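**Student:** Construct the complete structure from the given sequences, taking the supplied hints into account.
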Amino acid sequence: MSGMEDTAAAPATRPRRTGWLSLWFNRRGWADITIATPFLWLVVFFLLPFLIVAAMSFALRTSTSPPFSFGTDGHLLSLQNYARLLTDDLYIRSLATSLMNAAVATVVCLLIGYPMALALTRVSRSARNILLMLVILPFWTSFLLRVYAWIGLFGTNSWFNRGLTAIWNALAPADWALHSIQMMNTNFAVVLVMVYSYLPFMVLPLYANLEKLDLTLNEAAMDLGSRPWRVFLDVTLPLSMPGIIAGGLLVFIPVSGELVIPGLVGNPSQPMIGRVISDEFASAHDWPMASAVAVALLLLLVVPMMLYTHFEAKAQEKKAMEP
Amino acid sequence: MDSGIKGAPLAAATASGAAGGAPFIRIEDVSKSFGSFQAVRNVSLQITKGEIFALLGGSGCGKTTLLRMLAGFETPTSGRIFIDGQDMTGIPAYERPVNMMFQSYALFPHMSVEKNIGYGLKHDRMTDAQRKDRVREMLDLVQLTPFAHRKPHQISGGQRQRVALARALARQPKLLLLDEPLAALDKKLREHTQFELTNIQHKTGVTFVVVTHDQEEAMILSDRMAVMDKGRVMQVGSPTDIYEFPDSRFVAGFIGSITFFEARVRSVSGATALVEVPAMQTCVTARAVPGLAEGALVTLALRPEKITLSRARPEAANAFSGVVHDLGYFGKDSLYKIALPDGTTVSVNSVNARRSGESGRVAVWEDAVWLSFEPDAAILLTA
Amino acid sequence: MNRRPTFLLTVLCFGFAFLYVPIVSMMVFSFNSSRLATIWGGFSTKWYGKLLENDQILAAAKLSVEIALISATLSTILGTMAGIALARFRRFRGRMMLSGMVTSPLIMPDVITGISLLIFFIMLKEYTGWPAQRGFTTVTLAHISISLTYVTTVIQSRLSQADLSIEEAAMDLGSRPWQVMKDITLPIIAPAILSGWLLAFTISLDDVVVTSFATGPGTTTLPILIWSKVKLGVTPDINALATIIVAVVAVAVLVTGIAVNRAERRRDRDARLAYQANE
Numbered sequence: 001m002s003g004m005e006d007t008a009a010a011p012a013t014r015p016r017r018t019g020w021l022s023l024w025f026n027r028r029g030w031a032d033i034t035i036a037t038p039f040l041w042l043v044v045f046f047l048l049p050f051l052i053v054a055a056m057s058f059a060l061r062t063s064t065s066p067p068f069s070f071g072t073d074g075h076l077l078s079l080q081n082y083a084r085l086l087t088d089d090l091y092i093r094s095l096a097t098s099l100m101n102a103a104v105a106t107v108v109c110l111l112i113g114y115p116m117a118l119a120l121t122r123v124s125r126s127a128r129n130i131l132l133m134l135v136i137l138p139f140w141t142s143f144l145l146r147v148y149a150w151i152g153l154f155g156t157n158s159w160f161n162r163g164l165t166a167i168w169n170a171l172a173p174a175d176w177a178l179h180s181i182q183m184m185n186t187n188f189a190v191v192l193v194m195v196y197s198y199l200p201f202m203v204l205p206l207y208a209n210l211e212k213l214d215l216t217l218n219e220a221a222m223d224l225g226s227r228p229w230r231v232f233l234d235v236t237l238p239l240s241m242p243g244i245i246a247g248g249l250l251v252f253i254p255v256s257g258e259l260v261i262p263g264l265v266g267n268p269s270q271p272m273i274g275r276v277i278s279d280e281f282a283s284a285h286d287w288p289m290a291s292a293v294a295v296a297l298l299l300l301l302v303v304p305m306m307l308y309t310h311f312e313a314k315a316q317e318k319k320a321m322e323p
Numbered sequence: 001m002d003s004g005i006k007g008a009p010l011a012a013a014t015a016s017g018a019a020g021g022a023p024f025i026r027i028e029d030v031s032k033s034f035g036s037f038q039a040v041r042n043v044s045l046q047i048t049k050g051e052i053f054a055l056l057g058g059s060g061c062g063k064t065t066l067l068r069m070l071a072g073f074e075t076p077t078s079g080r081i082f083i084d085g086q087d088m089t090g091i092p093a094y095e096r097p098v099n100m101m102f103q104s105y106a107l108f109p110h111m112s113v114e115k116n117i118g119y120g121l122k123h124d125r126m127t128d129a130q131r132k133d134r135v136r137e138m139l140d141l142v143q144l145t146p147f148a149h150r151k152p153h154q155i156s157g158g159q160r161q162r163v164a165l166a167r168a169l170a171r172q173p174k175l176l177l178l179d180e181p182l183a184a185l186d187k188k189l190r191e192h193t194q195f196e197l198t199n200i201q202h203k204t205g206v207t208f209v210v211v212t213h214d215q216e217e218a219m220i221l222s223d224r225m226a227v228m229d230k231g232r233v234m235q236v237g238s239p240t241d242i243y244e245f246p247d248s249r250f251v252a253g254f255i256g257s258i259t260f261f262e263a264r265v266r267s268v269s270g271a272t273a274l275v276e277v278p279a280m281q282t283c284v285t286a287r288a289v290p291g292l293a294e295g296a297l298v299t300l301a302l303r304p305e306k307i308t309l310s311r312a313r314p315e316a317a318n319a320f321s322g323v324v325h326d327l328g329y330f331g332k333d334s335l336y337k338i339a340l341p342d343g344t345t346v347s348v349n350s351v352n353a354r355r356s357g358e359s360g361r362v363a364v365w366e367d368a369v370w371l372s373f374e375p376d377a378a379i380l381l382t383a
Numbered sequence: 001m002n003r004r005p006t007f008l009l010t011v012l013c014f015g016f017a018f019l020y021v022p023i024v025s026m027m028v029f030s031f032n033s034s035r036l037a038t039i040w041g042g043f044s045t046k047w048y049g050k051l052l053e054n055d056q057i058l059a060a061a062k063l064s065v066e067i068a069l070i071s072a073t074l075s076t077i078l079g080t081m082a083g084i085a086l087a088r089f090r091r092f093r094g095r096m097m098l099s100g101m102v103t104s105p106l107i108m109p110d111v112i113t114g115i116s117l118l119i120f121f122i123m124l125k126e127y128t129g130w131p132a133q134r135g136f137t138t139v140t141l142a143h144i145s146i147s148l149t150y151v152t153t154v155i156q157s158r159l160s161q162a163d164l165s166i167e168e169a170a171m172d173l174g175s176r177p178w179q180v181m182k183d184i185t186l187p188i189i190a191p192a193i194l195s196g197w198l199l200a201f202t203i204s205l206d207d208v209v210v211t212s213f214a215t216g217p218g219t220t221t222l223p224i225l226i227w228s229k230v231k232l233g234v235t236p237d238i239n240a241l242a243t244i245i246v247a248v249v250a251v252a253v254l255v256t257g258i259a260v261n262r263a264e265r266r267r268d269r270d271a272r273l274a275y276q277a278n279e
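Residue numbers (our numbering), protein chains in the order written: chain A, 1 to 323; chain B, 1 to 383; chain C, 1 to 279.
Hint data in this document are derived by calculation from the structure and do not stem from the laboratory. Careful, some of the hints might be misleading.
Listed below are the simulated DSS-like cross-link pairs for lysine-lysine, each with C-alpha atoms no more than 30 Å apart in a straight line [said to hold, decoys possible]:
# : chain 1 : residue 1 : chain 2 : residue 2
1 : A       : LYS212    : B       : LYS115
2 : A       : LYS314    : B       : LYS122
3 : C       : LYS62     : C       : LYS125
4 : A       : LYS314    : B       : LYS151
Partner residues aside, some chain A positions facing chain C, computed with beta carbon under 10 Å [to be verified]:
#  : residue
5  : GLY29
6  : THR34
7  : THR37
8  : LEU42
9  : PHE45
10 : PRO49
11 : PRO66
12 : ALA83
13 : LEU85
14 : LEU110
15 : GLY113
16 : ALA119
17 : LEU153
18 : ILE273
19 : VAL302
As the structure is a computational prediction, the values presented were derived from the model and not from experiment. Backbone N, C-alpha and C define an ideal beta-carbon position, used for all residues, glycine too.
**Tutor:** Laid out in structure tokens, this is it:
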């Protein structure tokens, strides 16, 4: 009790700084600086470059330097690039290849990743930490080298190829027997390496979601007469939908614009859209066309992204309504 | 339940016999261990059809494990459980005629109230119309018809509890398990819900087994209860049996508040015993219990409301004196802490029957007072 | 519920085999004495020796680490600011725009980021004369831009989990807002800042697509070098390089993981002891 009186009796000795600069800094300066610095950075190094690309997609290719100009065909904004995008087979085919490969890779990732994530929630806590670390570990190693690791396995002389060939020859009719399986430069290789590289991106959000699920809900469903498989369908699966969507987008979006994997193990005659953009730009020197393809791809990816944010917002809303 | 008059019941055997009828649920020598931890040790219980039976105990006493074994979420390490004559060993949760109301309610967040209640009916052979009728009936029973289409997060805690109850009752289980049914509700709602639960039980006639750590909840809800400690059943009986005739220090101390005195038996004559209590500096008479031997050390236990407080020495035979050490005023009654000469503190409850200001109190701090009690009021414990 | 989830555990084992067999195979073949990268010709460590004599690789590795150190540090500073702004300043003009700019690079394929930055650098040079040549600076700037998003996300999510009331307590005890930030908030999110930095460092060290657009002649980072070598086929010295990288990363991740695990366990035990002491 007496201690309180002492404190009250002591004079307020807080130093007062009255300089306008420190006053400004204390009031709002520090906040302004905190907001403005990253803001300006992003405007200059993200928004501006992107706006240039967006504008560029309405320009036309010229042989000047830099190789583009606006308004050469009479209109300031030309839609010619976009028209070509819809008519030229190359773009449509490469886009279809990209989306197809990305979709297959995403589904396969989900089919492997979901049981993995579910299994991770069912092992003991100490084992779980180690296994989670093992899921993340490849992510920290070089992406390029992980793709490279597969090139070795795909080779016709590798133990992997020979093993698969042996299995094929044992199972398939004798007429279809192969000396080796052509894996390099196929869409199969592309999808396989995509699944391999992006599997952690599926497992981690799914695990984060599944781990939060209340296991008493499973018990409740079982108590009400559901067999384990039914419990999964009725309770676990619908409640893990946000995790499935998050994981799916985290795989699908980067995979559809992937440049490295198809570049190293893909079929050069069946380019994916990332390759097309990069070739238009670097080899064909058609900056406007490259920009138009890029914008089109972005638009295609924005739709699933908006779906995702929609689901996220709904989940947040639900949480907010919880007392 | 007036068994109190007949004298102390002989725990399990007498108590289950008193309720009448053949045992509906038989738990026979059930034990459960998790690794080296023994959660439930050799528990045997018999529960009669249509009664509300409470499992009461502190955290870690094994009551929840026992409940989960009844539901089929855990398998007993040894022993058997029979429900309506059927051995439950090896029968999974989804095939048992048992449903559970979870402590967290475990409502499916992605289903409406209606869907939640109807969920268990999906697995029963019935037409859609029957199913709908049943859901409507249950909604009616718990008075939630207007909320049928809401999601669980859109209704209040009390309403959620009723959805959980309706969902568990919808399948017409032979046995309903309730895990801390009132723990998540606020005080006012609890009182209301307690009576509602008993009402619904009477209406449906389903046997209830309630797990709770709250003695008051167990007292009000249950017809009979089992007090558990460290995996063992300490005593089984009606709420009155347990409160007025505990047969061990643990049970006496767990239910309500009580003061224990070390005592030595001087003599036993028929229904009464004369015991010497050093802390009271006198000999007192108390109702005898089986197994009292002259000269044996026993415990004499007194509940605060059974002691009368007075300024002057009372006529009663069992009287002793002390000094008011502390007092608390609770409105309807006051709680006194009386210090005896040897330092023992005795709790005394005195009902404030008359309206009076602070000056009207029986005693205030540092006053010397007399305490007395009827021979019937004291509990003698040999264990 | 005592069933063992056999199916799930089988898939888990299969999944881990899938994740690790290629890496292990690559590591094994780094000790292959044969020049043919896929046929075993006996044990040898000669490729490691060759690697250490390869000045080109060593120079590229050094350059990559330098760029990664600078870009990770700068993007951590910027990302922390953005994370604080988004998580703690409820309302300010341009909030929507900032959060949009922070999250949209997540859905931007690397090719598009790379091309837009390259066009931007070229245009910038056209009008201002800077940067005269693409290289170290432009790569670093590009790396900051791509890792900024990730750092911000890490910081923001950590901040949104942090208990606001202790910041309010500090304010109640007389701290000005930025002192609260300095004395309370930053120490609390220090682990998140560290993991953000590590993430940025890894992203920079690993990036090949954006780098290939932002770089210029003479500036060859390690991934760019590996990329050009790998395009020519599998060679044992790359196996050796990969083995070294995987080993370094594995040791680093394991050490951090064990340290974090141990700290967690100690905290749990302390809490339990304290709880028991109070019983």
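**Student:** Restraint: A/LEU85 near chain C, CB-CB cut 10 Å. Satisfied or not?
**Tutor:** Because about 15 Å separates A/LEU85 from the closest Cβ in chain C, which is outside the 10 Å limit, the hint is violated.
**Student:** Once the shortest beta carbon distance from A/VAL302 to chain C is found, is it less than 10 Å?
**Tutor:** holds, 7 Å
**Student:** Quick check on the hint: A/ALA119 CB to chain C CB, less than 10 Å?
**Tutor:** It holds, given that the least Cβ distance between A/ALA119 and chain C is near 4 Å, below 10 Å.
**Student:** If you take the shortest Cβ to Cβ gap from A/THR34 to chain C, is it below 10 Å?
**Tutor:** OK, holds: A/THR34 within 10 Å of chain C, min 5 Å.
**Student:** Let me know if the C-beta of A/GLY113 comes in closer than 10 Å to any C-beta of chain C, holds or violated.
**Tutor:** holds, 8 Å
**Student:** Hint check: is the beta carbon of A/LEU42 less than 10 Å from a beta carbon of chain C?
**Tutor:** holds, 4 Å
**Student:** Interface hint check: A/PRO66, Cβ to nearest Cβ on chain C, cutoff 10 Å. Holds or violated?
**Tutor:** holds, 6 Å
**Student:** With 10 Å as the cut and Cβ atoms as the points, is A/ALA83 at the interface with chain C?
**Tutor:** The hint is violated - A/ALA83 has no Cβ within 10 Å of chain C, the shortest such distance being about 21 Å.
**Student:** Taking 30 Å as the top limit, are the C-alpha atoms of A/LYS314 and B/LYS151 close enough?
**Tutor:** Cα-Cα ~14 Å, so holds.
**Student:** A/LYS314 and B/LYS122: Cα distance at most 30 Å?
**Tutor:** holds, 28 Å
**Student:** Going by Cβ atoms only, is A/GLY29 closer than 10 Å to chain C?
**Tutor:** holds, 8 Å
**Student:** Quick one, are C/LYS62 and C/LYS125 close enough, alpha carbons at most 30 Å?
**Tutor:** holds, 27 Å
The structure fails hints 12, 13, 14 (numbered hints given earlier, in ascending order).
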